[in-house]
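Full structure from sequences and hints, please.
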Amino acid sequence: MTAAIDLLATPTRPRRRRPSIVVIVALAILALVALGVVFGGALYPDAMRQDILSGLLPVGSPGHPLGTDELGRDVWAMTVAGAASALIGPICVAVGSMVLGIVLGTLAGYERGWLDVVISRWTDLLLALPVLLAAIVVSGVFGGGYWVTVVLLILLFSPSDIRIVRAGVLEQSARPYIEAARMLSLSRWRVMFRHILPNVSTLVLTNVMLNVAFALVAFSSLSFLGVGVPPGTPDWGRQLTDNRAIMFDNPAAVIVPAVLIIAVASAVNLVGDWAGQRLSQVGKAL
Numbered sequence: 003m004t005a006a007i008d009l010l011a012t013p014t015r016p017r018r019r020r021p022s023i024v025v026i027v028a029l030a031i032l033a034l035v036a037l038g039v040v041f042g043g044a045l046y047p048d049a050m051r052q053d054i055l056s057g058l059l060p061v062g063s064p065g066h067p068l069g070t071d072e073l074g075r076d077v078w079a080m081t082v083a084g085a086a087s088a089l090i091g092p093i094c095v096a097v098g099s100m101v102l103g104i105v106l107g108t109l110a111g112y113e114r115g116w117l118d119v120v121i122s123r124w125t126d127l128l129l130a131l132p133v134l135l136a137a138i139v140v141s142g143v144f145g146g147g148y149w150v151t152v153v154l155l156i157l158l159f160s161p162s163d164i165r166i167v168r169a170g171v172l173e174q175s176a177r178p179y180i181e182a183a184r185m186l187s188l189s190r191w192r193v194m195f196r197h198i199l200p201n202v203s204t205l206v207l208t209n210v211m212l213n214v215a216f217a218l219v220a221f222s223s224l225s226f227l228g229v230g231v232p233p234g235t236p237d238w239g240r241q242l243t244d245n246r247a248i249m250f251d252n253p254a255a256v257i258v259p260a261v262l263i264i265a266v267a268s269a270v271n272l273v274g275d276w277a278g279q280r281l282s283q284v285g286k287a288l
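Start counting the sequence shown at 3; every next residue gets the next number (this note's numbering).
Read the hints as simulated data drawn from the structure, not as lab findings.
Fair warning: there could be bad hints in the mix.
What the hints assert, rightly or not - Estimated spans, in silico, between C-beta atoms of each pair:
no., residue 1, residue 2, range
1, R20, D53, 44 to 54 Å
2, E72, L134, 26 to 36 Å
3, W191, V119, 13 to 23 Å
4, L117, D53, 51 to 61 Å
5, R114, L281, 24 to 34 Å
6, D275, E173, 41 to 51 Å
Beta carbons are placed, not taken as given, at the ideal position from N, Cα and C, and that holds for glycine.
What follows is the structure, encoded as structure tokens:
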């Protein structure tokens with residue numbers, strides 16, 4: 003009887019749910035692509051080397067598993083080396099826009115008043131701009147460039163981050179622990195960034211992962227349109243626009259980078275959702 007009472011009185015820990023097979027596959031895809039980002043340039047430093055004498059080779063040709071394009075460039079080498087260009091920029095965009103979102107969203111949600119009005123109107127203005135069209139116009143005015151596109155997309159992606167962080171800070175500001183922190187005369191910066199911000203970390207992580215996927219698609223679209231990534235740079239979006247004329251001669255030159263863009267964007271979304279759910283469960287358990 004005593005053992006039964008002790009068993010009932012003992013708090014049960016939440017069971018750890020293993021990631022589903024879909025999430026495991028998504029993690030595997032991201033791990034393989036990460037290897038391409040880190041080692042692709044070293045493995046294929048001359049990925050854009052042309053060999054016109056070889057011409058257009060089909061899939062499975064000796065030394066060219068995915069064939070070549072009409073300039074004799076190896077499709078496999080371009081795809082592996084292009085992982086860095088395709089992903090580094092979107093990651094920088096997601097992180098940079100979230101940094102702006104954390105700073106401005108926290109200030110707007112905690113300070114309120116005129117500062118909240120100014121920041122909110124700024125976000126409304128940026129949200130009214132179409133992302134791709136604004137990127138094309140600005141790149142045309144300033145001469146394009148990879149990092150110019152990164153900075154521009156950081157600004158254009160930041161409004162959603164600002165709004166999400168602001169909403170989370172507003173919700174946390176009304177909690178009793180914040181009132182207690184104010185009564186202890188803690189500084190505003192400490193309350194905002196030491197007490198409130200960790201409690202909106204789930205929103206931050208989830209939105210960063212989503213922005214990586216959105217930025218990947220945006221970068222690939224701009225590269226397809228010839229903006230952002232200069233000619234001669236290995237990039238998945240650039241491969242689509244360069245090789246669409248040989249779609250029927252070597253389909254892999256177009257299908258492989260297109261499938262990778264879709265697969266990586268989907269994998270990032272799946273992993274982001276799973277990580278957000280795990281963080282929420284840990285937060286509730288604590």
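Quick rundown of the hints versus the structure:
| no. | hint | result |
| --- | --- | --- |
| 1 | R20 - D53: 44 to 54 Å | 48 Å, holds |
| 2 | E72 - L134: 26 to 36 Å | 28 Å, holds |
| 3 | W191 - V119: 13 to 23 Å | 21 Å, holds |
| 4 | L117 - D53: 51 to 61 Å | 59 Å, holds |
| 5 | R114 - L281: 24 to 34 Å | 27 Å, holds |
| 6 | D275 - E173: 41 to 51 Å | 21 Å, violated |
Checked against the numbered hints given earlier, this structure breaks only hint 6.
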